[in-house]
Amino acid sequence: MTELNRDFGKFIKSCIDGKIVEITGERRRGLLKDVIEYFGDNVLFILTLRGYERILNNSLRNSIIYVISERYFDLRQNTDAKNVVKLVKQIVNELVMEMKDAKLHNVVIYRANDLPPVIPGSDYNRMEEEFWRLLTMDLRTLEGMFMFVYEKMDYKPDILSYFADNVIIMTHPPQVWSVLG
Amino acid sequence: MVFVAPFLISAFLTYFFSIHNILSVLSYLVFLGMVIGVFTFLVFLKQYISAMRYQPALLSRYAEYKIAVVIPIYNEDPEIVRDTAISALLALKGRGDVFILDDSTSEYIRKGIDKLETLGVKIFRRETRRGYKAGTINDFLRAYGGNYDLIAIFDADQRPINSFFDEVLHHFSDEKVAFVQVPQAYTELETGVGIGAYWQQQPFLRFIMRGRKDSAFSLGSGTIFRVKALEDVGGLDEGNITEDVATSVELHGRGFKSVYIDKPLVWYGEPPKDLRAYLTQQSRWSLGGFQLLPKLLKENLGISAFIDYIAAWMYWFKEGPLTVVELLAPILFLLFDIYFIKIDAILYLMAYTPFFLSTLIVFIVAARKLYGFRGFIFHQTIELLAFPTITASFIAWILRRKRPFAVTPKKAEKIPFKLVLPYVTLLVILIASVVKGAFYISGLNMSPFWFAVIVNIFWATYFIPFITFGVYTVFRYYEKEAGVKILERVYEPNLFS
Numbered sequence: 037m038t039e040l041n042r043d044f045g046k047f048i049k050s051c052i053d054g055k056i057v058e059i060t061g062e063r064r065r066g067l068l069k070d071v072i073e074y075f076g077d078n079v080l081f082i083l084t085l086r087g088y089e090r091i092l093n094n095s096l097r098n099s100i101i102y103v104i105s106e107r108y109f110d111l112r113q114n115t116d117a118k119n120v121v122k123l124v125k126q127i128v129n130e131l132v133m134e135m136k137d138a139k140l141h142n143v144v145i146y147r148a149n150d151l152p153p154v155i156p157g158s159d160y161n162r163m164e165e166e167f168w169r170l171l172t173m174d175l176r177t178l179e180g181m182f183m184f185v186y187e188k189m190d191y192k193p194d195i196l197s198y199f200a201d202n203v204i205i206m207t208h209p210p211q212v213w214s215v216l217g
Numbered sequence: 009m010v011f012v013a014p015f016l017i018s019a020f021l022t023y024f025f026s027i028h029n030i031l032s033v034l035s036y037l038v039f040l041g042m043v044i045g046v047f048t049f050l051v052f053l054k055q056y057i058s059a060m061r062y063q064p065a066l067l068s069r070y071a072e073y074k075i076a077v078v079i080p081i082y083n084e085d086p087e088i089v090r091d092t093a094i095s096a097l098l099a100l101k102g103r104g105d106v107f108i109l110d111d112s113t114s115e116y117i118r119k120g121i122d123k124l125e126t127l128g129v130k131i132f133r134r135e136t137r138r139g140y141k142a143g144t145i146n147d148f149l150r151a152y153g154g155n156y157d158l159i160a161i162f163d164a165d166q167r168p169i170n171s172f173f174d175e176v177l178h179h180f181s182d183e184k185v186a187f188v189q190v191p192q193a194y195t196e197l198e199t200g201v202g203i204g205a206y207w208q209q210q211p212f213l214r215f216i217m218r219g220r221k222d223s224a225f226s227l228g229s230g231t232i233f234r235v236k237a238l239e240d241v242g243g244l245d246e247g248n249i250t251e252d253v254a255t256s257v258e259l260h261g262r263g264f265k266s267v268y269i270d271k272p273l274v275w276y277g278e279p280p281k282d283l284r285a286y287l288t289q290q291s292r293w294s295l296g297g298f299q300l301l302p303k304l305l306k307e308n309l310g311i312s313a314f315i316d317y318i319a320a321w322m323y324w325f326k327e328g329p330l331t332v333v334e335l336l337a338p339i340l341f342l343l344f345d346i347y348f349i350k351i352d353a354i355l356y357l358m359a360y361t362p363f364f365l366s367t368l369i370v371f372i373v374a375a376r377k378l379y380g381f382r383g384f385i386f387h388q389t390i391e392l393l394a395f396p397t398i399t400a401s402f403i404a405w406i407l408r409r410k411r412p413f414a415v416t417p418k419k420a421e422k423i424p425f426k427l428v429l430p431y432v433t434l435l436v437i438l439i440a441s442v443v444k445g446a447f448y449i450s451g452l453n454m455s456p457f458w459f460a461v462i463v464n465i466f467w468a469t470y471f472i473p474f475i476t477f478g479v480y481t482v483f484r485y486y487e488k489e490a491g492v493k494i495l496e497r498v499y500e501p502n503l504f505s
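Heads up: the protein sequence lines correspond to chains B and G, in order.
Adding 36 to a residue's 1-based position in the first sequence gives its number in this note's numbering.
Adding 8 to a residue's 1-based position in the second sequence gives its number in this note's numbering.
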């Protein structure tokens with residue numbers, strides 16, 4: 037099953053023609069498990085949620101796992117509009133270094149929801165849009181494919197999808213896929 | 009050469025600006041104080057600039073390591089140890105084991121510690137106290153080191169937060185990293201001395217340690233060592249009373265790297281709470297600092313690391329023996345009419361300005377974001393109070409006298425007045441010097457000698473408020489909330505953004 041899923045994941049990847057890919061679904065329907073099975077092979081897997089590292093480490097053999105440090109979340113909540121660029125540049129710089137070190141070109145980030153800055157009292161959607169605009173612009177200049185796993189939220193718009201080259205909608209059961217170019 | 013330079017420059021200045029008699033030694037030491045002041049200030053600037061670029065990583069590579077957490081204790085309150093052990097167990101998250109390295113001699117304490125086994129911690133005891141803290145860790149390594157990749161050391165009162173290891177382990181993916189250090193925490197700020205010790209730590213932890221790129225050293229607690237690296241240098245150095253720094257020097261000398269993570273990863277820690285405890289701590293640290301010199305000159309350190317370490321040695325030298333000279337000089341001049349420097353007073357002022365400015369710039373730079381006027385006064389005061397014990401350590405080091413390893417007492421005790429008496433005496437002498445100096449200048453015309461008296465009155469006066477505040481601080485107790493308020497406002501991980 038796992039091998040089949042991986043092959044199917046490879047097939048899906050071959051259909052993707054862009055660098056920025058959004059994978060969207062619901063966690064309670066096994067989103068993380070599906071992402072691991074379909075896209076977890078031979079990637080740099082970045083987690084924003086602590087506590088999943090061990091599960092991932094046991095499931096992924098050819099991938100390297102990274103966790104976004106608490107420092108990022110401090111900055112994310114204490115930044116202002118001017119410093120969004122700084123935040124993006126720093127994360128991209130570190131990503132480039134780690135990709136070079138690990139010699140891996142495909143990056144999976146779980147969950148994309150936790151990346152944009154959260155500034156109380158500001159226009160959250162506008163801030164998020166600016167963040168994704170800057171980040172995807174920078175990532176497009178790099179070698180590799182960046183897959184952002186985004187958990188669907190009923191109460192807020194999926195802004196990342198405006199900037200993604202491809203969107204994969206993970207439905208359950210997982211054989212139902214939709215790839216939007 | 010870097011080490012010798014301040015001594016040579018001071019000798020040169022003494023030759024030209026000293027009255028050539030037995031008191032030349034004094035003028036040499038006065039000049040040495042100035043030159044070393046400038047040297048340590050320049051090193052501080054280097055570290056400050058480097059600290060401005062300090063940027064903790066946002067991505068941490070996940071890796072699994074087997075870790076032994078060790079809590080070395082000597083007759084410490086089992087309740088304090090229990091809470092630290094529980095914090096360590098929670099932080100480990102199944103990555104290894106917690107060991108209490110119990111060197112206690114009190115049967116009552118040993119029984120209390122035995123009860124902690126029910127928590128799931130292991131107790132390691134030995135027959136002797138050879139090598140004190142370093143010795144017990146080395147004995148532990150010999151017995152169990154092979155079973156673990158890393159060894160994390162925590163003092164009995166330094167408690168790691170739950171995500172402690174999540175935040176530090178990824179640094180070990182670089183095979184050259186021998187150890188990772190996190191800042192120690194002083195959270196129980198209930199006394200004036202405790203608060204002073206806290207403020208004293210701030211520039212060190214926020215600027216100096218952040219800025220020591222190739223030479224961040226182990227602080228003895230909150231350190232995670234790679235077991236293999238420690239084995240490479242034969243374990244912790246038992247020959248130095250501050251084994252943590254000595255071992256760091258050896259590791260850096262062998263080409264290993266260290267990482268300092270300036271994050272509040274320790275949630276509880278007790279400062280020295282009274283003067284006796286503070287002096288005990290400073291006595292140990294300074295003696296260890298002095299003992300380090302031969303190792304610094306012997307080890308194959310890079311130039312930047314060497315300068316950082318030698319500046320630390322000079323810091324102790326300046327805060328101990330040279331402070332004695334700085335206090336003595338105006339007293340001898342004003343009270344006893346003993347003159348030993350024949351420098352023009354204006355020139356003297358110009359020469360002293362860099363030293364004085366260095367203190368001022370440290371204040372201006374650090375005060376804005378770090379501690380403000382109150383913190384600065386506490387810092388300078390508590391530092392000044394340590395000069396007798398640092399000088400005693402220097403003499404002990406020169407005479408090669410052994411001083412036993414003493415754990416910093418954790419509980420505040422009533423301070424006997426005789427411990428404060430030397431400071432009060434000094435205060436009286438300084439005030440008398442200033443009063444006599446004031447009489448002098450009232451009867452003098454403006455001349456080079458008049459300027460010399462003014463300079464000496466200035467220095468005698470400079471120390472008076474600090475010593476006065478120091479004596480007040482020693483007897484000052486605070487409500488617990490006062491300490492909490494200080495902690496709320498000071499921890500600022502992103503000082504330079």
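In case anyone wonders, no lab produced these hints; they're calculated from the structure.
Errors might be hidden in some of the hints.
Here are the in silico distance ranges between beta carbons for each label pair [said to hold, decoys possible]:
(1) G263(G) / R162(B): 43 to 53 Å
(2) L53(G) / N119(B): 47 to 57 Å
(3) A138(B) / F364(G): 45 to 55 Å
From the derived model, a few chain B residues whose C-beta atoms are all more than 12 Å from chain G [as the list claims (entries may be wrong)]:
(4) K49
(5) Y88
(6) L92
(7) E130
(8) T172
(9) T177
(10) L178
(11) M181
Everything numeric in this text was worked out from a predicted model, so none of it was measured.
Glycine residues also receive a C-beta, built at the ideal position from the N, C-alpha and C atoms.
Hint by hint, here is what the structure shows:
1. G263(G) / R162(B): 43 to 53 Å: holds, 50 Å
2. L53(G) / N119(B): 47 to 57 Å: Between L53(G) and N119(B), where Cβ atoms are some 27 Å apart, the hint is violated.
3. A138(B) / F364(G): 45 to 55 Å: holds, 52 Å
4. K49: Holds, since 23 Å exceeds 12 Å.
5. Y88: violated, 10 Å
6. L92: About 8 Å separates L92(B) from the closest Cβ of chain G, which leaves it inside 12 Å; violated.
7. E130: violated, 5 Å
8. T172: Answer for T172(B): holds, closest chain G Cβ roughly 18 Å.
9. T177: holds, 19 Å
10. L178: holds, 15 Å
11. M181: It holds; M181(B) is separated from chain G by about 18 Å at its closest Cβ, greater than 12 Å.
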